[in-house]
Amino acid sequence: MKLIIAVIQDKDSNRLTDALGQGNFKTTKLATTGGFLKEGNTTLMIGCEDQYVDDALDIIRDNCSKREQMVAPISPMGGNADSYIPKPVKVEVGGATVFILPIESFVQF
Amino acid sequence: MKLIIAVIQDKDSNRLTDALGQGNFKTTKLATTGGFLKEGNTTLMIGCEDQYVDDALDIIRDNCSKREQMVAPISPMGGNADSYIPKPVKVEVGGATVFILPIESFVQF
Amino acid sequence: MKLIIAVIQDKDSNRLTDALGQGNFKTTKLATTGGFLKEGNTTLMIGCEDQYVDDALDIIRDNCSKREQMVAPISPMGGNADSYIPKPVKVEVGGATVFILPIESFVQF
Ligand code: NI
Ligand code: NI
Ligand code: NI
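Protein chains in written order, with the UniProt record's numbering: chain R, 1 to 109; chain U, 1 to 109; chain S, 1 to 109.
Any given hint could turn out to be false.
Which copy is meant is left open, because identical chains are indistinguishable; a pair holds if it fits in one copy or across any two.
[To be verified] Cross-link-like lysine to aspartate or glutamate pairs, in silico, EDC-like; alpha carbons within 20 angstroms at most:
1. K2 / D50
2. K29 / D12
3. K29 / D10
4. K2 / E104
5. K29 / E92
In case anyone wonders, no lab produced these hints; they're calculated from the structure. Since we're looking at a predicted model, the values are computed, not measured.
Only chain R is shown next, with the shape it has when bound in the complex:
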């Protein structure tokens, strides 16, 4: 049995949890950084049998890979807001750091 620890971006968290659930993986979600005040990380722990580790990693890759996204920049403070036309910028979002650990046992009470 293995424990998969995946540190992902908050914004990918619900999609990944749903996808893992559809694949019959049980996930335990740890606290995220800063709640609604600040974008942060979510840590998921997934206990699974050895033969399903690759499937879980596939699901993580499909839902959390680094990718580029167009984002509307914050309009500058002060300045002439009327004449300011926000130009979307490319930012990199997503990404996952994943550790696979051997596990002795897994219990639920």
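Given the coordinates of chain R, work out where chains U and S with the ligands should sit on it, guided by the hints.
Okay, now just chains U and S with the ligands, sitting in the frame of chain R:
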């Protein structure tokens, strides 16, 4: 030596930490979800010798098992508050997800 | 390969992360307790080859060991603030709890 990672409900956290301390287990408490703004999980990490793992699991089971609790519902907004008699409802609280991992060493500075 | 899980004080977090980065260690920072509302812990996860574990532990010890610090106490509420001369008190700060775990693999997406 083993590392026990226990994800439990916030509300069981202090009771469990106290009980583990009385059993001479050293616990390290990770962040909980959302602070006072939202009920969340607490993750405890417990490093212990192999022969004490069962004792630790007993303490976790005794303090965190799933159980039913009667809770007074929130009174509905608007409506006639005077004539509203809140009827307690049963909810399931508690529960623990526990991973037991082999560990190479444990250090404190 | 090993996974080092280090639970340290928030206040040592940036210094340690910088020092580990200078040593070419990749760190993953988990959520801290309570955000800006409350001093808390930070958990760092460091995946590294076996031969570098001692180096990582040295860096953690150098940046997070328990030490004494003089702190100006909060002035008492009420009372005569004009005549109150705060006397710095010694408090213990820092400290690290570190678990070293065997790891099967480490992936980044
Ligand atoms: Ni968040
Ligand atoms: Ni909480
Ligand atoms: Ni903090």
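Here is how each hint holds up against the structure:
1. For a Cα distance limit of 20 angstroms, the shortest separation of K2 from D50 qualifies both inside one copy, at 6 angstroms, and across copies, at 19 angstroms.
2. Both within a single protomer and between protomers do K29 and D12 lie at most 20 angstroms apart by alpha-carbon distance, with minima of 13 angstroms and 17 angstroms respectively.
3. In the homo-oligomer, the alpha carbons of K29 and D10 lie at most 20 angstroms apart both inside one protomer (11 angstroms) and across protomers (14 angstroms), since each shortest distance falls under that limit.
4. In the homo-oligomer, the alpha carbons of K2 and E104 lie at most 20 angstroms apart both inside one protomer (8 angstroms) and across protomers (9 angstroms), since each shortest distance falls under that limit.
5. For the identical chains of this complex, K29 and E92 are inter-copy neighbours only, at 19 angstroms across copies versus 24 angstroms inside a copy, given an alpha-carbon limit of 20 angstroms.
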